[in-house]
Amino acid sequence: MGNDMKETKYMNPYLAGFLLGLLLLMTIYISGRGLGASGAIKSFTVAAVESIAPAHTSSTKFYQEYAKEHQGTSPLMNWLVFEVIGVVIGAFLSGLISDRLDLKFEKGPNATNRARWIGAIIGGILWGVGSQLGRGCTSGAALSGMAVMSTGGILTMMAIFAGAYAFAFFFRKLWI
Amino acid sequence: MVGVMAFVHFGLLDINLVYINPTFLWSAIVGGLIMGLGFVLGGFCPGTSVCAAAIGKIDAMIFIFGSFFGVLIFAEGYPAFESLYKAANLGNPRIFQTLNISENVFAFLTVFVALVAFYFVSLIEKKVNKEEVSFFKLNKQNVLMACFGCLLLILSLTMTDRKSFFLKLVEDENFVKNYPLEEMTPDELAFRLTCQKCEQLRIIDLRNAEEYNKWSLPNSTLFTVDNLFEKEPNLFLKLKRTKRVFVADDEMTERKAAIMALKMGYKEIKILKGGLDNFTKEILQFEPIKEPKTIDEQYRNRFRTKAKIEIAELIKNNKPQGPVEKKQKRALGGC
Numbered sequence: 001m002g003n004d005m006k007e008t009k010y011m012n013p014y015l016a017g018f019l020l021g022l023l024l025l026m027t028i029y030i031s032g033r034g035l036g037a038s039g040a041i042k043s044f045t046v047a048a049v050e051s052i053a054p055a056h057t058s059s060t061k062f063y064q065e066y067a068k069e070h071q072g073t074s075p076l077m078n079w080l081v082f083e084v085i086g087v088v089i090g091a092f093l094s095g096l097i098s099d100r101l102d103l104k105f106e107k108g109p110n111a112t113n114r115a116r117w118i119g120a121i122i123g124g125i126l127w128g129v130g131s132q133l134g135r136g137c138t139s140g141a142a143l144s145g146m147a148v149m150s151t152g153g154i155l156t157m158m159a160i161f162a163g164a165y166a167f168a169f170f171f172r173k174l175w176i
Numbered sequence: 001m002v003g004v005m006a007f008v009h010f011g012l013l014d015i016n017l018v019y020i021n022p023t024f025l026w027s028a029i030v031g032g033l034i035m036g037l038g039f040v041l042g043g044f045c046p047g048t049s050v051c052a053a054a055i056g057k058i059d060a061m062i063f064i065f066g067s068f069f070g071v072l073i074f075a076e077g078y079p080a081f082e083s084l085y086k087a088a089n090l091g092n093p094r095i096f097q098t099l100n101i102s103e104n105v106f107a108f109l110t111v112f113v114a115l116v117a118f119y120f121v122s123l124i125e126k127k128v129n130k131e132e133v134s135f136f137k138l139n140k141q142n143v144l145m146a147c148f149g150c151l152l153l154i155l156s157l158t159m160t161d162r163k164s165f166f167l168k169l170v171e172d173e174n175f176v177k178n179y180p181l182e183e184m185t186p187d188e189l190a191f192r193l194t195c196q197k198c199e200q201l202r203i204i205d206l207r208n209a210e211e212y213n214k215w216s217l218p219n220s221t222l223f224t225v226d227n228l229f230e231k232e233p234n235l236f237l238k239l240k241r242t243k244r245v246f247v248a249d250d251e252m253t254e255r256k257a258a259i260m261a262l263k264m265g266y267k268e269i270k271i272l273k274g275g276l277d278n279f280t281k282e283i284l285q286f287e288p289i290k291e292p293k294t295i296d297e298q299y300r301n302r303f304r305t306k307a308k309i310e311i312a313e314l315i316k317n318n319k320p321q322g323p324v325e326k327k328q329k330r331a332l333g334g335c
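As given, the protein sequences belong to chains E and U, one line each in that order.
As numbered in my numbering, the first sequence has no gaps in its residue numbers, which increase by one up to the final residue, 176.
As numbered in my numbering, the second sequence has no gaps in its residue numbers, which increase by one up to the final residue, 335.
Just so you know, these hints were derived from the structure itself, not from any lab.
There could be a bad hint or two in this list.
With a Cα cut of at most 20 Å, we get these calculated EDC-like pairs of lysine to aspartate or glutamate [unchecked claim]:
1) K316/U - D277/U
2) K9/E - E125/U
3) K293/U - E282/U
4) K86/U - E69/E
5) K263/U - E313/U
6) K86/U - E106/E
7) K270/U - D161/U
8) K9/E - E106/E
9) K231/U - E268/U
10) K61/E - E82/U
11) K308/U - E287/U
12) K173/E - E125/U
13) K61/E - E76/U
14) K197/U - E282/U
15) K263/U - D14/U
16) K68/E - E76/U
17) K68/E - E82/U
18) K214/U - E287/U
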């Protein structure tokens, strides 16, 4: 993200955004749906719980509703799961080309390691819960929803950014 | 958004088949705010965390672990979330319908606001980072992108959308009347209907549903002009090794639809000469010519008398297939 200044130059963010838009357009053209990310995380979670505790999933409402929506196929046989696998490969290749591959723990200059990993895990949890409520994350709801001008998607996007701006001040120490 | 609009405008995309995220008012807002807080704390969104983890960022991996946990919390605590999750279901409205403004106005405002915001944000960034993140620089890339946008705008303004283009094309009665189309005479249709070994024939019935249900020819499908522009019904016009004949009460309706179909690139399309009105008169209500003089008239008497009975039988036994099956299934999307 923007806070690490490296020797290798990043692509102009506006150009990257434009290219992402073209990708999204092609996705909609080819498959009739937009991009996503949190859906894959949901699929992985459901699959994991299903394999660890099958009795639990068949008796709990959330998993029942999930199974009903996805008509008997394995949660991993999902468009988004394959898409995210592609994202991982693509990101890895991109990192390889621009020489940005290394195991590294990144944080703001004034944040402690502890604060960073607690922040990351709580942030992750909040995204997990939030993306379920919002029926998608920045990719599935905001980006894709905006592309097809869905009221819900645009609303979610505005709420995400409103939330981020509203809370940014209180957690600024993490980043600057 | 603009790209999707352009694709729809030029008939490349059937928006009815595209997934539109549903709107659940409160859950969208609360979920969004939670995600906003997660943004500030975690520094990623799910998409960027996956990318960052792929190039070895450990903090991103921790973030992903957290998000699995978050989904788990939601799943296990679902009874507590459910009322909020399902409250205020507004269906799948699109923003311009909700705001009751035109699609174009909304798109224009969005692009305008975005450009202004990008400009000011880049100013702020320049100040804070003391680093050039050019948004407004006149370099090759930006000029190219701007040109692309302008081209799209000009094309959309000067070209009508695909459907109106075709509908306008067939407004001119003279053009429609004189357009060279392959015609099928009532006798040929009668022959093909009663012939077992002939090439497959598909009858595309353009009358309204009421008339169609009253009586229809075997192997016929109810079809509307709107169907021409939809994706699933179109597959039906593409079937190979079949001839298609457009039928309606009058020939003009047949001609209009057939011209549009041909212009769209469909092949093997014929029209029934004189329409079904003529077919009914000539074949179904055929009265033999008294004292046939020529051999032609004798043949005609023989053929049509036989065909009249056979086709009447076929129509009686034919169960209307109903409208062309519209599997207008939207793609399933969302997270």
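Status of each hint after checking the structure:
Annotation: proposed proximity of K316/U to D277/U holds, straight-line Cα distance about 18 Å (limit 20 Å). Taking the CA atoms of K9/E and E125/U, the gap is near 16 Å; set against the 20 Å cutoff, the hint holds. With a CA separation close to 18 Å, the supplied pair K293/U and E282/U stays within the 20 Å bound. Restraint check: the Cα-Cα separation between K86/U and E69/E comes to about 15 Å, which is no more than 20 Å; the hinted pair holds.
Pair hint K263/U plus E313/U does not hold up; C-alpha atoms about 36 Å apart against a cutoff of 20 Å. A C-alpha spacing of about 38 Å is found between K86/U and E106/E, which places the hinted pair above 20 Å, so the restraint is violated. Of the pairs offered as hints, the one joining K270/U and D161/U is violated, with about 26 Å between alpha carbons and a cut-off of 20 Å exceeded. Proposed proximity of K9/E and E106/E is supported: the alpha carbons are some 18 Å apart, at most 20 Å.
For the hint linking K231/U to E268/U, the alpha-carbon distance of about 19 Å falls within 20 Å, and the restraint holds. Of the supplied pair hints, the one linking K61/E and E82/U holds, its CA atoms being roughly 10 Å apart against a limit of 20 Å. At roughly 10 Å between alpha-carbon atoms, K308/U and E287/U fall within 20 Å of each other, so this suggested pair holds. A hinted pair counts as satisfied when its Cα atoms are at most 20 Å apart, and K173/E with E125/U qualifies at roughly 18 Å.
The suggested pairing of K61/E with E76/U holds, with an alpha-carbon distance near 9 Å, which does not exceed 20 Å. At roughly 24 Å between alpha-carbon atoms, K197/U and E282/U are farther apart than 20 Å, so this suggested pair is violated. Restraint check for K263/U and D14/U: satisfied, since their Cα atoms lie roughly 18 Å apart, inside the 20 Å limit. Of the supplied pair hints, the one linking K68/E and E76/U holds, its CA atoms being roughly 17 Å apart against a limit of 20 Å.
In summary, the hint linking K68/E to E82/U is supported, as the alpha carbons are separated by about 16 Å, within the 20 Å threshold. Of the supplied pair hints, the one linking K214/U and E287/U is violated, its CA atoms being roughly 23 Å apart against a limit of 20 Å.
Violated hints, in rising order: 5, 6, 7, 14 and 18; the structure is consistent with all others.
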